[in-house]
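Given the coordinates of chain A, work out where chain B should sit on it, guided by the hints.
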Amino acid sequence: DAGVIQSPRHEVTEMGQEVTLRCKPISGHNSLFWYRQTMMRGLELLIYFNNNVPIDDSGMPEDRFSAKMPNASFSTLKIQPSEPRDSAVYFCASSLKGANVLTFGAGSRLTVL
Amino acid sequence: DAKTTQPNSMESNEEEPVHLPCNHSTISGTDYIHWYRQLPSQGPEYVIHGLTSNVNNRMASLAIAEDRKSSTLILHRATLRDAAVYYCILRAANQAGTALIFGKGTTLSVSS
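Protein chains in written order, with the working numbering: chain A, 70 to 182; chain B, 98 to 209.
Same shape as in the complex, but just chain A (with noise of 0.2 Å):
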C-alpha cells in the first residue's frame, strides 16, 4: 500500500498565482480530509468529502479556495490568486467511511512569496 500521495511535495510561487495541490487517497478508503498546517494556527480543517461529495467545507478560508474530488481516487485544492499568507503546509487524508483511523500523506509545504 503506497499511503495517501501527495503531489507536489514543496512549491514556491509568486503571490497572485494559481496553485493546485493534488493528493491520491488509499484505494478503497471514501473518505477525504484536506488540513492546513501553520505554526500560528496549527493543524485547521479545510474540508472533507465523503464519497467524493464535500460534506463540509466550512474551514475552506476564503473564495480563493477550491477543492474538487472528480473520482475516488483523485482530489485537488486551488488556491487562485494565491497570496503570501496562504504559505503553510497542505496535508490531505483518507478514511474508510465510518472508520475511526486517518491516514495522512506526508504533506505539500507552499511558500507563496
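Just so you know, these hints were derived from the structure itself, not from any lab. Be aware that one or more of the hints could be misleading.
[As the list claims (entries may be wrong)] Straight-line alpha carbon distances no greater than 30 Å define the calculated DSBU-like cross-link-like pairs of lysine-lysine that follow:
{"hint": "1", "chain 1": "A", "residue 1": "LYS137", "chain 2": "A", "residue 2": "LYS166"}
{"hint": "2", "chain 1": "B", "residue 1": "LYS201", "chain 2": "A", "residue 2": "LYS147"}
{"hint": "3", "chain 1": "B", "residue 1": "LYS201", "chain 2": "A", "residue 2": "LYS137"}
{"hint": "4", "chain 1": "A", "residue 1": "LYS166", "chain 2": "B", "residue 2": "LYS166"}
No experiment lies behind these values; they were computed from the predicted model shown.
Frame of chain A; chain B shown alone:
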C-alpha cells in the same frame, strides 16, 4: 467535539517510560479518545484509540480513568524516534468517518 487539555511540552530520556496526560472533563458517554502523533516534517499518524477500557497495541498503551475525565498515553520505552507532537482528540461514536479536530498537542522531547 469536546475539548481536551494537554501540557504544551514534556521531556523524557531514552529507554524510559513516558506518560502523556490528557484531560477531557466534558467528555460524553459516546466520545472515543483518539491519539495521533506527528513526527518532524511528517503528517500526523494514528497511535491508538479507546472508549472505556485500557487499550494496548504495538505502539503504545492507553489508560483511561474510571470516570473517563482523563486519559494517559503510555510509551513503554521511549526512543529518539518517539520525539513528536502528540495529539489527544475526542470524537463521538456517531461521528466516525468525520474529520478530526486537532488541538495544539504535547511536544515530546527525548534525550539520549
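- Hint check against the structure, violated hint numbers in rising order: none
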